[in-house]
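J.: Kindly generate the complete structure, drawing on both the sequences and the hints.
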Amino acid sequence: MATTTPDDSREFFELTDEEQARADELHRSTTIVDGLIAGTYYLDDSDYRDRLPEAGIAAGNLTVGGSDDDFEATVDGVCEVRERIRANADNYFLIESVEDIDSAGDRTGIVLGFQGANWVGTDLDRIRVVDELDVKVIDLAYNRANTLGDGCCEGRDAGLTMLGREAVEELNDRGILLDVSHTNDATTMDVVEHSADPVIASHIGCRALANSQGRAKTDEQLRAVAEAGGVNCITPFPPVIKRDPDTHEVQPATVHDVLDHVDHAVEVGGIDSVAFGGDMSDRTLNSGSIHQGSNLNVWRKTHPEVYGDGPTDRMDPYPEGLNRYTRLGNLTRGLVDRGYDDDEVRKILGGNLQRVFESVWE
1 MATTTPDDSR EFFELTDEEQ ARADELHRST TIVDGLIAGT YYLDDSDYRD RLPEAGIAAG
61 NLTVGGSDDD FEATVDGVCE VRERIRANAD NYFLIESVED IDSAGDRTGI VLGFQGANWV
121 GTDLDRIRVV DELDVKVIDL AYNRANTLGD GCCEGRDAGL TMLGREAVEE LNDRGILLDV
181 SHTNDATTMD VVEHSADPVI ASHIGCRALA NSQGRAKTDE QLRAVAEAGG VNCITPFPPV
241 IKRDPDTHEV QPATVHDVLD HVDHAVEVGG IDSVAFGGDM SDRTLNSGSI HQGSNLNVWR
301 KTHPEVYGDG PTDRMDPYPE GLNRYTRLGN LTRGLVDRGY DDDEVRKILG GNLQRVFESV
361 WE
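Numbered per this note's numbering, the sequence shown finishes at 362, counting up by one with no gaps.
Read the hints as simulated data drawn from the structure, not as lab findings. The beta carbon of each residue, even a glycine, is placed where N, CA and C say it ideally should be. Check each hint, because a few of them may be wrong.
As the list claims (entries may be wrong) - Pair by pair, the computed Cβ-Cβ distance ranges are:
1. Glu-358 <-> Ala-73: 37 to 43 Å
2. Gly-270 <-> Ala-158: 29 to 35 Å
3. Asp-173 <-> Arg-10: 49 to 55 Å
4. Thr-326 <-> Thr-302: 32 to 38 Å
5. Glu-72 <-> Arg-144: 18 to 24 Å
6. Asp-102 <-> Asn-211: 22 to 28 Å
7. Ser-103 <-> Glu-132: 19 to 25 Å
T.: Given below as structure tokens:
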């Protein structure tokens, strides 16, 4: 399904002509699945609505609703996004089953997902409602603690609450995939332990390479997700890719640094446990500023151990060579450059996530 991307590979990789051709063919023919799409504007902003299909994204987990929204606002937000998907059916469609991914063609399938579940409150029956709306991925806690467990910015070392354990069971019963990208260390391990289904970390880094508390996962956490049949999705989000280990200053990175995280996650958890989670916002990067309420704006000053030390009015530069969806081909070229074979590349680009989706949703 994937299309070709701008050819800047010669700037980053010394591939032979044969390797270059192989990488380009792999990118064109692989069903690419993105662990995390950040920004519903990709659906209908005239300047960006073609970006995901052009990058060859067959399906992606799109965050819908705000992390602090109450239940009514959450349901309204999901319904609105569903309408926007229908209104832009030339480029997008709603993923209702894993089989839909293989029928994407030149469009991008949208998996509805939540970062945070504050909307649950104390009423687990609300999960039934979002299930009926085809929400398929839920991260229980986003930065803060809630009634279910602790997010990555909480100072205490608490994990799932009793209600949180019940929520995990309910989500398992309904075939909704659990995400641990923004949970703290204890909650991450609790979710993996108590879930009967595999879980994903939809957009994370490896803490061994970038000391981001919570947002970059430890080797123990990477291994636990992998051993439970889940997937760790490496993101180019700068604070979890490269930083000073002592001062937390976010440092300039390239696609090679992202590939280092991929290699490390594969080494720890195996080839079947690694995928890609974009978390890239072309519009935010182009605007040169970030909105009030973004993570860097709200959390960076008080939690540099999580979000790094850097500007609070704009995004850090994303890694050179992998800063936009139009450069996603460089990830494929980099995997070829690192010696991954065709089957391994296909697993990282989408096959591993498809396997987990099938395991949980069906």
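J.: A separate judgement is required for each hint: does it hold in the structure or not?
T.: Hint check results:
Hint check: Glu-358 to Ala-73, Cβ distance near 32 Å, so the stated range 37 to 43 Å is violated. The hinted range of 29 to 35 Å is satisfied by Gly-270 and Ala-158, whose Cβ atoms lie roughly 30 Å apart. Remark: the range hint 49 to 55 Å for Asp-173 to Arg-10 is upheld by a beta-carbon distance near 51 Å. At about 34 Å, the beta-carbon gap between Thr-326 and Thr-302 stays in the expected band of 32 to 38 Å.
Hint check: Glu-72 to Arg-144, Cβ distance near 20 Å, so the stated range 18 to 24 Å holds. For the pair Asp-102 and Asn-211, the beta carbons lie near 39 Å from each other, so the given range of 22 to 28 Å is not met. In this structure the hint that Ser-103 and Glu-132 lie 19 to 25 Å apart at CB holds, the actual value being about 23 Å.
Against the hints set out earlier in the document, violations occur for numbers 1, 6.
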